[in-house]
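S.K.: Chain B: place on chain A using the hints.
Protein sequences appear in the order of chains A and B.
Quick note: the first sequence uses the working numbering, first residue 1, plus one each step.
Quick note: the second sequence uses the working numbering, first residue 1001, plus one each step.
One should not assume that every hint holds.
[Said to hold, decoys possible] What the simulated footprint calls covered on chain B by chain A, stretch by stretch (three residues with Cβ under 8 Å from a Cβ of chain A suffice, anywhere in the stretch; the number is not a length): (1) 1009-1015; (2) 1043-1051; (3) 1064-1076.
[Said to hold, decoys possible] If you only want the chain B side, here are some residues facing chain A, beta carbon under 10 Å, derived: (4) Arg1018; (5) Lys1028; (6) Asp1040; (7) Lys1101; (8) Phe1105; (9) Ser1114.
FYI, nobody ran anything at the bench for these hints, they're computed from the structure.
Predicted model only: the values in this text are computed from it and were never measured.
Glycine included, C-beta positions come from ideal geometry on N, C-alpha and C.
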Amino acid sequence: MIRDPEHEKMPRKQLEELQLKRLQAKVKDVYEKVSFYRRAFKEKGVTPDDIKTLADLKKLPFTSKLDFRDNYPFGLMAVPLEKVVRIHSSSGTTGKPIVAPYTEADVDMFAEVMARSLASAGMTKHDVMQNAYGYGLFTGGLGFHYGCERLGATVIPSGAGNTKRQIILLQDLGTTVITCTPTYAFILNETAKEMGVDLRETKLRLGIHGAEPWSEQMRKDIEDKLHISAINIYGLTEVIGPGVSVECEHKNGMHIQEDHFLVEIIDPRTGEQLPYGKEGELVITTLTKEAQPVIRFRTRDITSLSVEPCKCGRTLVKMARITGRSDDMLVVRGVNVFPSQIESVLLEVEGVEPHYLIVIDRHDAFSTDELEIWVEVSEQVFSDEMQKMERLEKKLRAEMDSVLGISARIKLVEPRTIVRTEGKAKRVVDRKELPNSGLIAK
Amino acid sequence: MVSRIKQVSVFIENQPGRLVAMLEALEKNQVDIRALSISDTADFGIVRMILSDGAKGAETLRQAGFTTRQDWILSAEIPDRPGGLLKTVAEPLAKAGINVKYLYFYIEAAAGKSMVVVKTDDIDKAEKVLKSP
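Bound-form chain A, shown alone (with noise of 0.2 Å):
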């Protein structure tokens, strides 16, 4: 179902006409509000008065993760914080929280692109949905919270765990869509089998994914095991929350809501901007948001957008599933390769620690012949029959083959050979840097 079906089956060429008119009100909003972005500007030698179609957007600085570490908590907000009626929070790259501010009426854009994303995803005001995301800081629980009241439909918020609960509810209240975690869709399933529950006996009929990379395979797993359509969504604490984009009901990629929200796609490496269909990092610019509005934002997702018209009507691009992230990225045998692929793989062999290493032997910058993949043998997984050792080696290879999709050796480990760090690990080294590296514990 279509709930806006102004904004969402747009002609693109009014929709890009409203894109401009937004954008430039926005630019010249942060360039006279927030300081960051004032220097920014200068330091690129533009000013709002730069920006006269779409294709200007090019001009303007990018902004970092990183920039909301240096601005932390309040140095990228636009308004007085006693217009900010709420503030979530997800963690950053290096120890300091991100912050989300959220003035009233970016609460009810947020509320509004997230019962647009329920009703694509196929909820109507007749559905009850448990809501198995996390409350409190997260955006996702009150992302998807707020939205489903917008829709008026009935919510469960139940919020991520106690999943014996989650089972007797989702039984006894007629749960028909439940959202949450793919992985914890898994561990629902699991959790109701072992409670003599067969989730495909049950009213459920849809599932709303989202917060983690996920597959395909994954995808097909969830909607057989639970019997439900299972439906992708996307979206990050730094431009709104969950809702940013979304599936329809053909599962051809996810459509961003982009009457509020500019996208780009560039080569992570030169920053350049990319056409429809090449995949890269998604850049993304708020049009709407007034607390925190963020200019060219690089999510380091790898995506590719599409423009071809969707057999729902909808208007809006579209950008395929997320396949990496632009850090750490490796060209291995003219592959691309991204550790938070391995990672997803060590997740899914049972009773794998998912601390890993990826020794390369670098020719240049980001290219390798070998990969070589630190796993480190947890008591779960260790057995004193080599037969046993060699299987879960042959598993693990066979795996990372798949997702991949290339072959990559894998080497077994002691317990904390390699060092945990704060914050996110680095994950790549060189053969060469690897004995003064310092991620090896001996």
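M.R.: Leaving out everything else, chain B in the frame of chain A:
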């Protein structure tokens, strides 16, 4: 004589000093090694041991940062003469259709007996077979 005993296994990386670290931890805590075997790959080895105190040894090694586990295995006395292993262990197990995963020898010094440690795919059945005359 056939009995069930606890074996301690340890995962160690195949590099200089790791065996020493493991042995030092055992020495420091006065745990004696009765039997030891290592099977190895290019990257790592599995050390299997019968210790004077299995539980204490396993905990000692765990605290020293090693991945360890304890398993029940069979220990059998074998006559020290040609055909000893064949007649008392290998042949009976094979006849009963029990697969041997690994085995290794040790000497029970005090009693002067030769012993074999054997891991099979079915400990209950193997124990019954080896105990029957």
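S.K.: Evaluate each hint against the coordinates.
M.R.: Going through the hints against the structure:
1. Counting residues of the stretch 1009-1015 of chain B whose CB lies closer than 8 Å to any CB of chain A gives 4, so the stated coverage by that chain holds, three being the minimum.
2. Using a Cβ-Cβ cut-off of 8 Å, 4 residues of the stretch 1043-1051 of chain B lie near chain A, which meets the minimum of three, so the contact claim holds.
3. Here the stretch 1064-1076 of chain B counts 6 residues with a CB under 8 Å from a CB of chain A, which clears the bar of 3, and the coverage holds.
4. A least Cβ separation of about 8 Å between B:Arg1018 and chain A falls short of the 10 Å threshold, and the interface hint therefore holds.
5. Checking B:Lys1028 against chain A by beta carbon gives a least distance of about 18 Å; that is not within 10 Å, so the hint is violated.
6. Taking 10 Å as the C-beta cut-off, the interface hint given for B:Asp1040 holds, the closest approach to chain A being about 9 Å.
7. This hint holds: B:Lys1101 has a C-beta 6 Å from the nearest C-beta of chain A, less than the 10 Å allowed.
8. Nearest Cβ of chain A to the Cβ of B:Phe1105: about 17 Å, over the 10 Å cut. The hint is violated.
9. Interface hint at B:Ser1114: violated, since its Cβ lies 22 Å from the closest Cβ of chain A, which is beyond the 10 Å cut-off.
This entry does not satisfy hints 5, 8 and 9, going by the numbered hints stated previously.
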